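These are the residues of each chain, in order.
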Amino acid sequence: MCGVYIHIPFCKRKCIYCDFYSVCGDDKLYSGFVSAVSNSIKRRSNKSIKVDTVYFGGGTPTVLKSSQLVSIMNTVKHNFDVSPNAEITVEANPCTVTEESLSELFNGGFNRISFGIQSAVDNELSALSRLHNYKQAKEAVFNAERAGFTNISADIMIGIIDQTRESLIDSIDKITSLPVSHISAYMLKVEENTPLDEMIKRDGSLLNSIADEDELAERYLLMTRLLEEKGFLQYEISNFAKTGFENRHNLKYWRCEEYLGFGPHAHSYFDNKRYFEDCGVLEFIKNNGEQEITYTDTDVDKAEEYIMLSLRLAEGLDADRLTRLDKEGRYKNIISNAEEINRLSGERLVNISRDGKNLSLTKRGFLVSNAVISRLLN
Amino acid sequence: MNKEQIRNFCIIAHIDHGKSTLADRILELTSSVELRDMEEQLLDNMDIERERGITIKARAVRLNYKAKNGETYVFNLIDTPGHVDFNYEVSRSLAACEGAILVVDASQGIEAQTLANTYLAIEHDLEVLPVVNKIDLPSADPQNACEEIENVIGIPALDAPRISAKMGINIEEVLERVITDIPAPKGDDNALLKALIFDSYYDQYKGVIIFVRVKEGTLKVGETIKMFATGAEFQTVEIGYMGATNLVPSGELKSGEVGYIAASIKDIGDTRVGDTVTSVEHPCSEPLEGYKKVNPMVYSGIYPTDGAKYPDLRDALEKLRLNDASLSFEPETSIALGFGFRCGFLGLLHMEIIAERLEREYNLDLITTAPSVIYRVTMTNGDVLYIDNPTNYPNLGLIASAEEPVVSADILTPSEFVGNIMELCQDRRGTFKDMKYLDETRVELHYELPLNEIVYDFFDALKSRTRGYASFDYEMKGYQESKLVKLDILLNGEVVDALSFIVHTDKAYARGRRICEKLKETIPRQLFEVPIQAAIGGKIIARETVKAMRKDVLAKCYGGDITRKKKLLEKQKEGKKKMRQLGSVEVPQEAFMSVLKLDE
Numbered sequence: 004m005c006g007v008y009i010h011i012p013f014c015k016r017k018c019i020y021c022d023f024y025s026v027c028g029d030d031k032l033y034s035g036f037v038s039a040v041s042n043s044i045k046r047r048s049n050k051s052i053k054v055d056t057v058y059f060g061g062g063t064p065t066v067l068k069s070s071q072l073v074s075i076m077n078t079v080k081h082n083f084d085v086s087p088n089a090e091i092t093v094e095a096n097p098c099t100v101t102e103e104s105l106s107e108l109f110n111g112g113f114n115r116i117s118f119g120i121q122s123a124v125d126n127e128l129s130a131l132s133r134l135h136n137y138k139q140a141k142e143a144v145f146n147a148e149r150a151g152f153t154n155i156s157a158d159i160m161i162g163i164i165d166q167t168r169e170s171l172i173d174s175i176d177k178i179t180s181l182p183v184s185h186i187s188a189y190m191l192k193v194e195e196n197t198p199l200d201e202m203i204k205r206d207g208s209l210l211n212s213i214a215d216e217d218e219l220a221e222r223y224l225l226m227t228r229l230l231e232e233k234g235f236l237q238y239e240i241s242n243f244a245k246t247g248f249e250n251r252h253n254l255k256y257w258r259c260e261e262y263l264g265f266g267p268h269a270h271s272y273f274d275n276k277r278y279f280e281d282c283g284v285l286e287f288i289k290n291n292g293e294q295e296i297t298y299t300d301t302d303v304d305k306a307e308e309y310i311m312l313s314l315r316l317a318e319g320l321d322a323d324r325l326t327r328l329d330k331e332g333r334y335k336n337i338i339s340n341a342e343e344i345n346r347l348s349g350e351r352l353v354n355i356s357r358d359g360k361n362l363s364l365t366k367r368g369f370l371v372s373n374a375v376i377s378r379l380l381n
Numbered sequence: 177m178n179k180e181q182i183r184n185f186c187i188i189a190h191i192d193h194g195k196s197t198l199a200d201r202i203l204e205l206t207s208s209v210e211l212r213d214m215e216e217q218l219l220d221n222m223d224i225e226r227e228r229g230i231t232i233k234a235r236a237v238r239l240n241y242k243a244k245n246g247e248t249y250v251f252n253l254i255d256t257p258g259h260v261d262f263n264y265e266v267s268r269s270l271a272a273c274e275g276a277i278l279v280v281d282a283s284q285g286i287e288a289q290t291l292a293n294t295y296l297a298i299e300h301d302l303e304v305l306p307v308v309n310k311i312d313l314p315s316a317d318p319q320n321a322c323e324e325i326e327n328v329i330g331i332p333a334l335d336a337p338r339i340s341a342k343m344g345i346n347i348e349e350v351l352e353r354v355i356t357d358i359p360a361p362k363g364d365d366n367a368l369l370k371a372l373i374f375d376s377y378y379d380q381y382k383g384v385i386i387f388v389r390v391k392e393g394t395l396k397v398g399e400t401i402k403m404f405a406t407g408a409e410f411q412t413v414e415i416g417y418m419g420a421t422n423l424v425p426s427g428e429l430k431s432g433e434v435g436y437i438a439a440s441i442k443d444i445g446d447t448r449v450g451d452t453v454t455s456v457e458h459p460c461s462e463p464l465e466g467y468k469k470v471n472p473m474v475y476s477g478i479y480p481t482d483g484a485k486y487p488d489l490r491d492a493l494e495k496l497r498l499n500d501a502s503l504s505f506e507p508e509t510s511i512a513l514g515f516g517f518r519c520g521f522l523g524l525l526h527m528e529i530i531a532e533r534l535e536r537e538y539n540l541d542l543i544t545t546a547p548s549v550i551y552r553v554t555m556t557n558g559d560v561l562y563i564d565n566p567t568n569y570p571n572l573g574l575i576a577s578a579e580e581p582v583v584s585a586d587i588l589t590p591s592e593f594v595g596n597i598m599e600l601c602q603d604r605r606g607t608f609k610d611m612k613y614l615d616e617t618r619v620e621l622h623y624e625l626p627l628n629e630i631v632y633d634f635f636d637a638l639k640s641r642t643r644g645y646a647s648f649d650y651e652m653k654g655y656q657e658s659k660l661v662k663l664d665i666l667l668n669g670e671v672v673d674a675l676s677f678i679v680h681t682d683k684a685y686a687r688g689r690r691i692c693e694k695l696k697e698t699i700p701r702q703l704f705e706v707p708i709q710a711a712i713g714g715k716i717i718a719r720e721t722v723k724a725m726r727k728d729v730l731a732k733c734y735g736g737d738i739t740r741k742k743k744l745l746e747k748q749k750e751g752k753k754k755m756r757q758l759g760s761v762e763v764p765q766e767a768f769m770s771v772l773k774l775d776e
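Those protein sequences? They're chains A and B, same order as listed. Take any residue in the first sequence, count from 1 to its spot, add 3: that is its number in this note's numbering. Take any residue in the second sequence, count from 1 to its spot, add 176: that is its number in this note's numbering.
Wrong hints could be hidden among the right ones.
Straight-line distance between alpha carbons at most 25 Å, and here's what the computed DSS-like set of lysine-lysine pairs gives [stated by the list, open to error]:
no., chain 1, residue 1, chain 2, residue 2
1, B, K741, A, K305
2, B, K382, B, K396
3, A, K192, A, K204
4, A, K192, B, K749
With the C-beta cut set under 7 Å, the calculated list includes, among others, these residues of chain A facing chain B [what the hints assert, rightly or not]:
no., residue
5, Y8
6, C14
7, Y256
8, T299
9, E350
10, L370
11, S372
12, N373
Away from chain A, derived, C-beta distances all over 10 Å, residues of chain B [what the hints assert, rightly or not]:
no., residue
13, P318
14, N320
15, S461
16, L464
17, N571
18, A724
19, S760
What the hints contain is simulated information worked out from the structure, not anything from laboratory work. Since the model is a prediction, treat every value here as computed from it, not as a measurement. Quick reminder that beta carbons are idealized off the backbone N, C-alpha and C, glycines included.
The following block holds chain B by itself, in its conformation from the complex (with noise of 0.2 Å):
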């Protein structure tokens, strides 16, 4: 095939700005899919992904178009995750491409998100190709839209193709500027082998596929390859390409194209997405320049509310991980809930897509604990220690002193919203850096925030704030100097490991109250008195009392009728079912969840 007739291309969008929209009009507009097989949206294949409207995992496709020159080309569309958490993702989508089409709403404009991910891909050297979406909306404004593309982003838009996605208006516009505008791959198809891992997911029965993009040489079946970080070697069985909706095996890969490789490989550890694949034969010298593997940001205990599902779990988390290797977990036991895991995540959307995948995929009930970041907590004797759970902070007098994460935020809202973000932003502790207008109606703000601020609720608060109008995407920054104490919950003077956290001295006082004030909420009354305390150290610093149960009666039993107390008695063993025993008191699942959501 000529290179000349490939693209290779992915598409970034901020949720429900169109993205999968989009993907399945280019589909369809290639015949790559029968309708009778379209399902809606079909590049997201995740129940999640479907109904949130974002894209996990990248997944890639192979599609033929015949242009207006009357050439066919071939598309290699490859989707990216929208949200900030999946930016490593996004990068090694990024990699496998030359050119991205940068889909904007046009109601609503350039998104946080949207910026942050057109920046990743203009330093990846990507042609960004500017399409205003839904223009059949009545509140669209396609020009404002295209100006703001040139203004925040700089890149030429106003000839931008105006579509709607939706409708299916100007589709074939955009794949004639893919076309014209994304260029064709480069590559030398006798050079020695260099292809690029960008993805890969566990098959049972052909084992570990790898998703590659070939920059140099050409990959053949029956050909022993080699993965230049791990060393791992493996005779390929099966080559080819994706096809809309199944693997198309082919023989080779040539430089420019996107493929995949099966080599019955079991461990998925031994394809590091990032990595190189080059020929045991004729081995190239020097690896392509991967991306640097991320590492988990937010931290949680995962347990199952069940003890005897903790096996269930484990399998679980094991065949996630299979698919995403940037979930990490490892055994924790907790006095409270028992055995579970100590899990590490990319970001906040990360943890809640994989506590739901648990729940829904593998019909687990699940407690989260609240999310933790890694402390750098430097000891007396000089030792240095990172903390991911709370329940290892050390005693206050045996550390030197404490740093925490921060992270550089972006804040794109209108601009009515600007004294709220502001108050939220200082209430977080956050450092303003900078103000921008985009336009007269939208500011981009820049604040430093420190991550344990934002891994509870900040993004449910900015919502709420700005009616939901404001976006936000972050990234780390470093680690600063901080003052942190652990702050412990005591029910009926015991305290409860699960529900420990490392807060700033400065806030620890109002948020060991608002918690005591929560759990008094979730905490039914007993038989006897709750006392709920919050300390520091042995010093308690805020007291709520469950009072005891007074009226818990059946009246009567009527004519006779002890059926309605037979019920009463059996849905208070089913009620008991659902709670925790800390010592003597009853403690509802809830109870753990609400300490999350405090900013109600």
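Isolated chain A, as found in the complex (with noise of 0.2 Å):
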């Protein structure tokens, strides 16, 4: 089973802290980019190919007309072999849609979104640029369960700019009492070369009002707990869902199973090779979709991806699995070496399971992730 991801690269606004691919357009570069996406999809046509998930992306998919969206998608349907019951995420903004917008894409065939929530304190929201305040938030939801979402997911970031550990807490209660079965929960990065890193550069000042890595760590652990209790459990670093409700589509990525992208940036991995489309978005206009791929990995190294990615997942990495993958034996140590594991599991970083054929990062271990990882590879 493969997944599609449709990379829409527009934004009516720009957040200060986002270092993802996205322009501000305009109307008029929509329907040039339908037609171009729709013809990078029918370019690799393959019916043979069984698709069980797609995704919209962004950027923020619904700046786009809700029939434009459902016309890419029907592309994808009549290109490759789409499941009856395939999952049909579209990422949205809660500014940009209505309960009119909503029902179109769900009898479009659309059956999950993911809204890019934030907070539900106002002055946070401004604080991140972002556009909607939370009342806006709140109607979006319910508009989504009135047009006939079940599968809701929404973003809580950490670290914003004046957030507190109250507020947080306020946020989390608020959002998951809306009709939501899913929550992907991020930390705020400063990414180099975004408007915030800029207005850090120019204002030292500013860090004061974010949290340090200490009080970052502390809230994580503080919102893990919090959303368990209500029934949200924490599958992947970021990822929560009600039993049944996890992202079928992202944990593709994480389980290192195949996917197709279109659109500008999109990532592929497929046929053992990763691949993107280079190209800003009004050359991928220009050229209808029609640009060269660019291969980041043309044999991956299936062994190091599974631990790099499966590490991510609570559910963790299978020792069987990976025995079948590393055909070479190098990193048969990983789970074999006990003074590490017994080092990491006594910092509470790691679980080993009693048969020792199952590692899996606690959650302080995500915390770390990074560095318990390149540990590990080493």
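Two independent chains are provided; combine them into the complex using the hints.
Now the structure itself:
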């Protein structure tokens, strides 16, 4: 089974912390884009590929008209073997949707929607330069529910300027009481060359209103506890879901399963190769989606990727699967190195199953997953 | 050649006072170098020298000058290192000369190093010709500079040439004064051969080239020569003088002349600088008065960051020693740093220059341990040990008494900074000797200071407390008894041998605390908590903790783009290479360096 990712690189306004690829397009670009991305899908058409998840990400996909999104979705259906019970997700900004537009999406086949809510506190939302306030976010979720969506996800952000533990608890309480079944929770990271990065460079005192490493860690642990108490179980470093509502599409990334990406900067992993459409949106439209693909990896080291990605998941790493992938036996010590594992589990960073066949990170371990994983890989 | 037409001289100047620029102008005026061949500042021919504006190794060049009286003179200009670390090399340059040009910056006056070298020249009975340079600067005060030379050094200077080497003003006056003020060499061409070796270097085709000043007799090609001290004998293959850009064979050198000998010498150890060259057939009975070999004063461990580069480091050190007999080294092993060398240096600058040359010319990444001096330890059983490596410092219980080297230091400074300097010297356990005003605004201070207090960062501290205006020079005075202890640094409970050092009891606590703080700043948070401790004997005197890392996570693999995550892991792998694994602790290379700079 394969996943399909469609990248919609437009936003109404770029958020100050965001370093993903998107532009503030105008309406005139949108139709050209829809045609280009549809053409790109047709070029790689293959009805023998079974697809069970489709994900429209961005940017903000819902800056496009619902009819345009549905039209792209139909193109996917015409060119790949999309299963009837496929999970079809669209990301949305609360202020870019209405009850009508949401109904149109639902009726057009979308069955999962992910809202970038971030916070239930309005001054935190404006500190992030988000366009919506919490009231709009709440309405958007209820509109989605009315439109028929039962699988609704909300983003929460930790470490927003001026956020306190109390305000975070407040946001979690409010957002989890909405009809949502999935939460993605991210820690604000000041990425280079973002407006936020520049703001801090200009005025270092801003850092005083952003939580430091230790405080962020505490808030993360606090949040995981609160979410689990409310029935949202952690299944990945940043993702929590009520049972059965895990995001099947994103799970493919972490389980090293195949997916095809369409749109500028969209990444694919297929046939043991990783590649992406390396061009800006204007070029993408100009080429009508017919540009060369850039390979980042033509002979994927499956064992290494499996270690790196599976340890992001609560289910962790399965020793037998690793052995099958690791033909040369380069990583066979990862689980068998008792001294190292004991050291890490002594610090409450990893769990090892009693039969020694499964290794996973603890919640503390998730927080320092880069360091733990790179230690294990060495 | 008529000896009356020869002048052998050197130039003494403080760093940046314009020695090399003056040398260049002299070369130009004597047309020794075609302009197109001129690289800026020709006499300094190592990159580091040019960048730092100092001359490390003595060089010599022969020039022809047509004087105003119509006669043509031969000038042998012998370059000298400006810094006190190279006193030994200065004195060997001086021994080949009859006179010295003293260059003083018209805006800055005399500096401590100039003073030391001028005294050295006077001790060698050299005629000193003062020259006031940089008169083109707006802040120049040549009159004051001249008065200062008279007051401080005590030589007549009111008629000193006032020049600008940079602008080429009055250079000819300097050359004319060389002829009138500096005496011609003396000597008898027919006497038994006596030539002084004042420098040498290794040429891969010709073997060791030795630079000599013939004092008595005549040196001829084909003759068999003998080194007085080593007894080694060689047949000369080539004899000549040093042109501005190449060696010029001349077949012979007579008394009073300066030149070179090539004699297929393979081992530079056979040609000790300061030794006398004589003839095997007609040897002289007494050698020339050489100069005493100075011993290294500062020691430090040098280790390759990549253990596999150990043989490369050894080769590089051996090559450097061919041209720098004052460098000494022997293998040593550190638990923390692996295989490396204990190196001995003349002083701090010498150490820095060697480390820099190893890194730059031989492309090596190095870790240098904290510099140490040589302690003299008398054991309870009466044995006397000389300890140049803190790791080897004996147990306190076995020590009857310990002594440390002390230097006599000379500091010249604008008077407004006297308070700051006294505070600094006090803090560094200095003993005040005396102080005198050179004029209304400049002061000369004398202190006795333990060498181990200045090997770390004294020079930097002095500069920062005097806005760079003070200058500093020192010479070895002797040993004095001292209360010394060995301070160990422990990471995660284990002693890191490369960080141990010897310190005076009174300063141990403060130093230990400061080092722990500094290490805490440099050691990154790791998955586990890392205790940093300072200990004397078994007793912990300071402690800091590097808290365990709390957050190191990439939140998203957005849209299936895992390249970021991969790059991050790659970066972490690269980062690990720059770390030393000490037990379970990863320590960045900078940590070893940071403890050298505690005064920040």
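Here is how each hint holds up against the structure:
With a CA separation close to 15 Å, the supplied pair B:K741 and A:K305 stays within the 25 Å bound. Taking the CA atoms of B:K382 and B:K396, the gap is about 17 Å. The hint holds against a cut of 25 Å. Taking the CA atoms of A:K192 and A:K204, the gap is near 15 Å; set against the 25 Å cutoff, the hint holds. For the given pair, A:K192 sits about 21 Å from B:K749 by alpha-carbon distance, which is consistent with the 25 Å threshold.
Here the hint on A:Y8 is kept, as its CB sits about 5 Å from the closest CB of chain B, short of 7 Å. For A:C14, the shortest C-beta to C-beta distance to chain B is roughly 14 Å, which exceeds 7 Å, and the interface hint is violated. Using the Cβ-Cβ criterion of 7 Å, the hint placing A:Y256 at the interface with chain B is satisfied: the shortest such distance is roughly 5 Å. Evaluation of the A:T299 hint against chain B yields a held restraint, the C-beta minimum of about 5 Å falling below 7 Å.
The criterion of a C-beta within 7 Å of any C-beta in chain B is met by A:E350, whose closest approach is roughly 6 Å, and the hint holds. Given hint, A:L370 at the interface with chain B, holds; its Cβ is 5 Å from that chain's nearest Cβ, closer than 7 Å. Using the Cβ-Cβ criterion of 7 Å, the hint placing A:S372 at the interface with chain B is satisfied: the shortest such distance is roughly 5 Å. Hint status for A:N373: holds, given a least beta-carbon distance of 4 Å to chain B, under 7 Å.
Here B:P318 stays apart from chain A, with its beta-carbon at least about 49 Å from theirs, past the 10 Å limit. For B:N320, the requirement that its beta carbon stay farther than 10 Å from each beta carbon of chain A is met, with the minimum near 47 Å. Every C-beta of chain A lies more than 10 Å from that of B:S461, the closest at about 70 Å, which supports listing it as non-interface. Residue placement check: B:L464 keeps its beta carbon more than 10 Å from all beta carbons of chain A (closest about 63 Å).
B:N571, annotated as away from the interface, keeps every beta carbon of chain A farther than 10 Å; the closest lies near 34 Å. With a minimum CB-CB distance of about 7 Å to chain A, B:A724 fails to clear the 10 Å threshold, and the non-interface call is violated. A beta-carbon of chain A comes within 10 Å of the beta-carbon of B:S760; the shortest separation is about 8 Å.
The structure fails hints 6, 18 and 19 (numbered hints given earlier, in ascending order).
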